Amino acid sequence: MASPEDYTVGLFCPLVIEARAMQNMLDEIHSKTGSIGVRYILGKLSGHNVVLATLPFTSRGKVSMAIAAGQMKHEFPNMAHLLLVGLGGGIPSASADIRLGDVVVSVPTGTHPGVVQYDSGKVHTTHFERTGCLLPPPEEWLLAISKMQVDNPVVSGNLAQSITDLQERCGRGEFRRPSPNTDRLFLSTYDHPTGQATCTSCSRSQVVNRRQRRDATKPVVHYGLILTTDTVIRNANARDRAAKAVGGAICFDMEAAAMMSHYSCLVIRGICDYADSHKNDVWHPYAAAAAAAMAKEILRHIEPTTPKSLTQQTPPAADPISQAVFSGNFHAHTISNINSITSHGSVRIG
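Using UniProt numbering, the letters of the sequence shown map in sequence onto residues 1 to 350.
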């Protein structure tokens, strides 16, 4: 039976649909456990012993993410790799043909370390001034990604197969790919009609004309800059301005800043909307499955870590988040008896 020292990869999926997709992507499930404000699913993925962490609905946000990361590093002392896996808002452009269901992976771009905390910087007329500092992905991840970029068509095919396997495993069409008719990119100047839940009544004349892909059923992987913010972006003009200010971001995220302020990690996002007023939840399940499949694929390109016994290791310096969590100085929501997470019914993960 595996011990806490045997687990070397942490997978963070804050939302229910993200965690459910990731859980069903695991090759093995060893056990389910938990701590204050966080639930763990222990298992194996692509040869690695992994810990899937998810947060209760009442305990989400940057502070809770930082606490969860600190707790995981404390409870699983040989944790070598961290991945933040889930949903993101795409930033399509002439140079980035991003579609719903595609996957974005954070990689350093220019002077930026893969992820930029946009709402903590200063936007000037000609450039964006970064005022905070997030850690870049580990070099080992970047080497693996460089190999995957060369073989992108094969990677895309592997993702499609992993998603198909997940769909067959879960049944009921939970993670099925939505109709292509639901993937519409509207002009930035066209806002969604007030009071309409879907785009059924949106003007077709305002849809951006995009070339047809050779195989529209396979997700395409994009590597580049991710913007992380505290607020949900629902405005196409704001989306485009933000991307331009940092020199070409391709995705929005809301959790990465909490992790990467203290820990080096990789961010993987399945594109579920275009960060505009037309966003809805239709693509959430499939995009979550695509992100989970990418996590599995990346781990195939990373050699599994064999942890040394604790007696052979030099005790690591306590990180500031863990110190704060376990000294009681960091405010946290105390959640007791967390047995399930509910969203559109009950999804039991522990």
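What the hints contain is simulated information worked out from the structure, not anything from laboratory work.
Heads up, a few of these hints could be off.
To be verified - Taking lysine-lysine pairs in the DSBU-like style, the calculated list, with each CA pair at most 30 Å apart, reads: (1) K44 x K32; (2) K244 x K279; (3) K279 x K147; (4) K147 x K32.
Said to hold, decoys possible - For each label pair, taking beta carbons as the anchor points, the in silico distance ranges come out as: (5) D97 x R204: 16 to 26 Å; (6) D151 x S95: 17 to 27 Å; (7) R241 x P193: 20 to 30 Å.
All figures in this text were calculated on a predicted structure; none of them were measured in a lab.
Ideal Cβ placement from N, Cα and C applies to all residues, glycine included.
Taking only the CA atoms, is the gap from K244 to K279 under or equal to 30 Å? holds, 21 Å
That 16 to 26 Å hint for D97 and R204 (C-beta), does it hold up? holds, 20 Å
### Query
For the pair supplied as a hint, K44 and K32, is the alpha-carbon distance within the 30 Å limit?
It holds: about 13 Å lies between the C-alpha atoms, which stays within 30 Å.
Does K279 pair with K147 here, judged by a C-alpha cut-off of 30 Å? violated, 33 Å
Does the hinted range 17 to 27 Å hold for D151 and S95 at CB?
-> holds, 22 Å
- Would the pair K147 and K32 pass a check requiring their Cα atoms to be no farther apart than 30 Å? Roughly 34 Å separates the two Cα atoms, so the pair is violated.
*asked:* I want to verify a distance hint. Is the separation of the beta carbons of R241 and P193 within 20 to 30 Å?
replied: Holds, since R241 and P193 (Cβ atoms, about 23 Å apart) stay within the stated range.
Hint compliance for this structure: hints 3 and 4 are broken, all remaining hints hold.
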